[in-house]
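J.: Here are the chains, one letter per residue:
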Amino acid sequence: MIDVKTIKKDFPIFKRQDKLTFLDSASTSLKPHNVIETLSSYNDSYSANVHRGLYPIAERATKSFESSRVKIAEFISSPSVEEVVFTKGATEGLNLIASSLEKLIGQVDGEVVTTISEHHANFIPWQQLSKKLNLKFKVIALRPDSQLDIYEESSKTVEKKINLSRYINSKTKILALSTASNVIGNTYPVKEIIQAAKKINPLIITIVDACQSITHEKIDVGELDCDFLVFSGHKILGPTGVGVLWGKKSTLDMMPPYQVGGGMIKNVSITDTTWADVPYKFEAGTPPIAEVIGLSAAIEYLNRFSLEDVRVHISSLSEYFVNAANKSFGDNIQIFTPQKPTSTGIVSFNLNSIHSHDVAQILGENNICIRAGHHCTMPLHTFWGVSSTCRISFYIYNSQEDVDILLAALKKVFLIFNKSI
Amino acid sequence: MSIYSEIILDHYQAPRRFTTLKKFNFSSSVANSLCGDALTFQGRIIGQKLVDVGFQGHGCAISIASASILLEKICGLDISEIKKISSEEVVKDLGINLSPNRLKCALLSWEGVLKLIDNKL
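Residue numbers (the working numbering), protein chains in the order written: chain D, 1 to 421; chain A, 1001 to 1121.
Hint data in this document are derived by calculation from the structure and do not stem from the laboratory.
Be aware that a few hints might be false.
As the list claims (entries may be wrong) - Mimicking DSBU-like on lysine-lysine, the simulated pairs with C-alpha atoms at most 35 Å apart in a straight line are:
(1) A:K1104 x D:K131
(2) D:K132 x A:K1115
(3) D:K19 x A:K1092
(4) D:K132 x D:K15
(5) A:K1115 x D:K411
Said to hold, decoys possible - Some chain D residues near chain A, calculated using beta-carbon distances under 7 Å:
(6) G241
(7) S353
(8) H355
(9) I416
Being a predicted model, the structure only gives us computed values, none of them experimental.
Glycine residues also receive a C-beta, built at the ideal position from the N, C-alpha and C atoms.
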């Protein structure tokens, strides 16, 4: 049960910011008090480095840090705790994988596949890797209904059958895709796509960006059967500066480190170095200790709810907005999110001939926070033929009241620009 | 106070010098990668004087209004005078307070004009 009134009391920002209508959680979520207190508690009570000191506060820091790893492993149903690598965010996780795989794959006759709706963080690393290794870079297109172009043409059956033969073959080295677009507002059948890809090529390495769905959908890395999965802490109520890279241990073991330095070695001589075991091989330098522990607190907070309740809550807000906006603005609003499923709590739209930055600016003057621009998805916006869109995104602290405030403010935007609705 | 003052809206909805020139010997293009705004400028410079100037493109209210106000100001000026126009002056001419993010919109045309007078065809 999502009781927004009660939940809002857990988020101190609503006390500090008068009449805040926060509709930008797909960018970063707000932080509940237990996360903020956890960060402060580390900094004011046991601010020591991890895996090094032998004094009590260092031991406490190490214990809390490693407990967080255990909690995250449980959260994503990781078969083992060692498969959880801390990064500074999903972007770093994806760059780590790309950089390490580049050395592992080497110059071969191969192909790399991603989708046109990816966030740049899950697009550019693969595009650049392909360029460097001379691999063929293939991008799965979108159908007019904003679904990936991966289904068989036959329209007779209700259940659509996935057919990846246009994109994936025995030469495909990598398939990178997200569980949900950060702009469109729909989810992709990643488990089925991975299954279909592995049927064509069992050796394909699959990389999943779960940033936009881990907020409201149970992630089970074993069930997905991916090789890697990444997400950012700050989108699930946690602090900025921390993310998670999950990888199959057998693959992580084979991969060379991403960065080298302190904390990731077994032995260093003048002429050579041997690497620490996973996950430490990929965690060079002092990690974001407070943030890692804070992320654990965020998951504790999120665990108070059923993720299915969260999903229903945010998708019903999306639907409420889409219906009301269509009714109020008709042809004057172009909504890029398909009406169903609107399951990620994200809706992207443009108001008729009013630039998204002007819309967001006027809403901002009313303390309504939305995102305007290309949302780090330039290939998708080029495909749509628009330079930018407005994006709203809901989370557990949003209610229909926020949507009503937004709708009233959008009417104001039309008035300012002298447009009749 | 809203940044959408009457002057800004007037210049956005009816931008001055929003045209392609039949005769021009200078041109430039600028874009703001954050929001996809893109403007192109054409100018006719005779001797040291900008005798005609126009712009085309798409953008938010601030970038279009700013281009309109700036081109009105510089048409007929000597190149040396145009070069003296500072970014602060361009923002001041808009008569509104802008956040750092929107400054990029406001100064896109200034960047375009400086490029224009340097780019003889």
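J.: A separate judgement is required for each hint: does it hold in the structure or not?
T.: How the hints compare with the structure:
no.: 1; hint: A:K1104 x D:K131; in the structure: holds, 32 Å
no.: 2; hint: D:K132 x A:K1115; in the structure: holds, 34 Å
no.: 3; hint: D:K19 x A:K1092; in the structure: holds, 31 Å
no.: 4; hint: D:K132 x D:K15; in the structure: violated, 50 Å
no.: 5; hint: A:K1115 x D:K411; in the structure: violated, 39 Å
no.: 6; hint: G241; in the structure: violated, 22 Å
no.: 7; hint: S353; in the structure: violated, 10 Å
no.: 8; hint: H355; in the structure: holds, 4 Å
no.: 9; hint: I416; in the structure: holds, 5 Å
Violation of the numbered hints given earlier is confined to hints 4, 5, 6, 7; the remaining hints are satisfied by the structure.
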